[in-house]
Structure formats: C-alpha cells, structure tokens
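A.B. asks: With the hints as extra help, turn the sequences into a complete structure.
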Amino acid sequence: MSASTEFTIRRAVNADIDRIVEIAEANRYDGSGTQDSFLVSDFTADHYSETLFSDGYDQSTPDSVLLEKRPLAYVAEHEDQVVGFVYIYSSKYSRKTFPEQPDLPKNEKPGVTYYPRHKTEVRIDRLLAEKTDFLVIKQIGVHPDWKKNRIASSLYQHVFSQFFAPHIFAAIVERPINKVSQKFHASLGFTPVSRSISGELGAPDVKLNQIWYRPGLPIVQNVHVPDNHVFEGNKSVSGETLTESIHHSRTLYLHEDSLNWIKLNVTITILFALMAALYLLTQNQERFAGLAVLFVVGIGSFVLFLFRATLKSGIDFMRSHKDNLRIAESRMLFHEPLFQGSIRHVPKRALTIAIMNHLPKVALITWTIACVLALLVEFAHWACIAWNWVAQLQLP
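Take any residue in the sequence shown, note its place counting from 1, add 517, and you have its number in this note's numbering.
These are calculated hints, taken from the structure and not from any lab test.
Wrong hints could be hidden among the right ones.
[Claimed, not checked] Once the Cα atoms are required to be at most 30 Å apart in a straight line, the calculated DSSO-like pairs of lysine-lysine come out as: (1) K878 x K780; (2) K613 x K878; (3) K586 x K829; (4) K655 x K586; (5) K700 x K664; (6) K664 x K696.
[To be verified] Have a look at the derived ranges for each label pair, beta carbon to beta carbon: (7) T578 x L892: 42 to 52 Å; (8) A900 x T869: 43 to 53 Å; (9) H772 x F681: 18 to 28 Å; (10) H772 x I816: 23 to 33 Å; (11) R527 x V697: 17 to 27 Å; (12) L892 x F789: 28 to 38 Å; (13) T768 x Q674: 30 to 40 Å; (14) A908 x V879: 36 to 46 Å; (15) I816 x A903: 34 to 44 Å.
Note that the structure is predicted; figures quoted are calculated from it, not measured.
Ideal Cβ positions, reconstructed from N, Cα and C, are used throughout, including at glycine.
C.D. replies: Encoded structure:
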C-alpha cells in the first residue's frame, strides 16, 4: 500500500467491476472461523454488470433517479485504483424486484422468518407500513491492504449524505458470526431488528442473517462501542429504552390519529355550515346576495384546500409514527421472542387510512356540486331580472 492513505469516493462505472469482484473475493468467507470480517454474498461479475449497468444505463443520470430503478455502487479510489466499494438499493427497486410472496412459510417463529428466496427484502418490507421508503446497504467491501483506514465508514457516510430515506437497513450474517461487521454497524447507529434464514432449512450451507436498522438521521461520529454491545450490552439497553420508545411512538401514533379525526369533524361542520349559507343566500333577493355567494364559494374552497394539506401531513406523520412503532417492537421482539406488541396485529393497509385518503376528494366533489348548483340558481335569478328589465324597456 502507498504511504499516502488519501482516497476519493465516486459512483462506480462498468470498468470497476473486475476490481469490485476482486475485493469481494478477497473478503469472501473461507470457512476457517478466524476471519475478522467477511462477505457471504456470492455475487459474480455478471450480477454486478446486469444489476448496475444494464437496461439503458446512462452515466449522466443523477444518482437519485438511478436509485429508483436499479442498485448503485460507490467506490473508494486511491491513485486510480479501487480500494473499497459499497452496493446499495432502494425500496422502489426492492418492491419491483422482490415482490412479497403471498404464501409465507409455515415454520415462522417469533423474531425469525425463513425465506428460501428474497428473504431479506421481504422481511424488511413487512416491518414497515405501506409504501414507506427505505434504503438497503447490501454489500460493503474494503481491500485487505486498506483496512483500518476508515474507508468503510467513509463509504457509509457518503451514502447517508447522498440520499435521504427515513429508514436504512443493512443485512449482516449472524451465523457464521461476523463480530467486526456487527461492531462496525453498531458504531454507526445500527441495531438488529430481525433475523432471516438464507438457504433451505437443513442444508449444510444454511446461514442465519440479521437485519440491522438505523433511522435516516445524521451519522454520529466517534461512537465508542464496547465488545459486548451487540449481544450483552444491547440487551440491557433495549429493556428500558425500547419500552420507553414503544410507549412514546404509540402515544404519538394515537395522538396523530385522534388529531386527524378532529380535523375531519371540524371540516365537515364548516362544510355543512357553508352549504347552509349557500342555500340561504340563493333564497335571498337582496342586491349583494350574488357577491355573498361568490364569497362563500371562495371561503369553502380555501377551507377544503387547507383540510387536504393538513390531513395529508397528518397521515404522513401517522405513518411515520407507525413505522417507528413497528421498528421499536421488532427490536424488542429480537431480544424477547415472547414479546406481544400492539402494532404487529394492525394491518399495514388500514381501512381508516384509506378512508382519510379519499375524504378530501369526496368533500371537494360535494362542495363543487353544491357550488355549481348555487351559482346556477344565482345565475338564473339574475337572468330573470335582466330578462324582465329588457322586457320593460321594450314596452311602448
């Protein structure tokens, strides 16, 4: 290795594939049980080429646009030589490529799910609410000669700074145990939330994987993690801290749900009051009744616009709190398999959310019909007045 340890990070190009495969092979698990860190994903050069650069790949396309359609890889480069890489993909790509299987295996146990295929992606999607965005860090690899140079953490920081996702996941092999990877991810704020089996049960090469999670928040630098953080220290923290987190998330979720129903009740009350005002004004023969009708129409439209905006914001907050509650309960379930959470039994596609999503449209359609009828009545009224006035002018 050169005396200089400076490196730059950039998006991978097709010419980097051979070097990425070389680094991945250098970190491949050899079965000895003595490796400090390793990879178990057996990605080939064809896999990297097909997923990263096929189907009309354009290097000029922004990273955020590419990530919606395909995985991305970033490389750390020193003097024109790749010394490390990270391989990521988004929830949109995951849901398109790994659709949830309708028939789940019957041998599922608390905290552990067996998926012979697409196990990580399906398990992650089941942790979260409907269509919630997330980011998956699938692979991280550093050339053995360049370890201990903060390349892996720099690649992670680059990913965190490039994309905002409310939830970030990483898949780490638990058996065979990868202590260095576990400690590294814990230092970046990740904690284990679920397990999954890779391969067929009973097969000699079956692997137990962990799904680790961190919220999409700014990374905390220089966090000291004790050696027993993952399996001992984290259990002591997860008791009081996770219980408090679950209680806090549940309280916020219920509060936001109640607040949304209050918004709905207030809006319906105002809407009926305005419709009553429209009816009374259309019966009024006063000179300025027409202007009053237009004023009420404008006020009602403005109120419905505000209702739609505030309700959408409330639903987004409620989904966020629901996701946080699911994650907190999954963390607790990881350590306490007999834990009975509340949100686990709540369907991801809740009927109330579907109703609330359509209410602004229904209210707007109802108000539009009422306004059109009121304006037609008002127009007919003034048309009659104009007709009578013209008829009087034509009298001899």
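A.B. asks: Determine for every hint whether it applies to the structure shown.
C.D. replies: Tested hints:
Our distance criterion of 30 Å between C-alpha atoms is met by K878 and K780, whose separation comes to about 15 Å. Restraint check for K613 and K878: satisfied, since their Cα atoms lie roughly 29 Å apart, inside the 30 Å limit. Restraint check for K586 and K829: satisfied, since their Cα atoms lie roughly 26 Å apart, inside the 30 Å limit. Proposed proximity of K655 and K586 is supported: the alpha carbons are some 16 Å apart, at most 30 Å.
A C-alpha spacing of about 15 Å is found between K700 and K664, which places the hinted pair at or below 30 Å, so the restraint holds. Among the hinted pairs, K664 with K696 is consistent with the structure: their alpha-carbon atoms are about 15 Å apart, no more than 30 Å. Separation of T578 from L892 is about 48 Å and conforms to the stated range, judged on CB atoms against 42 to 52 Å. Between A900 and T869 the beta carbon distance is about 46 Å. The supplied range of 43 to 53 Å therefore holds.
Between H772 and F681 the beta carbons are some 25 Å apart, a value that agrees with the proposed interval 18 to 28 Å. The hinted range of 23 to 33 Å is satisfied by H772 and I816, whose Cβ atoms lie roughly 29 Å apart. Against the hinted window of 17 to 27 Å, the Cβ-Cβ separation of R527 and V697 comes to about 26 Å, which satisfies the hint. Distance hint check: the CB atoms of L892 and F789 are about 19 Å apart, inconsistent with the given range 28 to 38 Å.
In this structure, T768 and Q674 meet the distance hint of 30 to 40 Å, their C-beta atoms being roughly 33 Å apart. The hinted range of 36 to 46 Å is satisfied by A908 and V879, whose Cβ atoms lie roughly 43 Å apart. Checking the proposed 34 to 44 Å range against I816 and A903 shows it is violated: the Cβ atoms sit about 27 Å from each other.
Hint compliance for this structure: hints 12, 15 are not met, and every other hint is.
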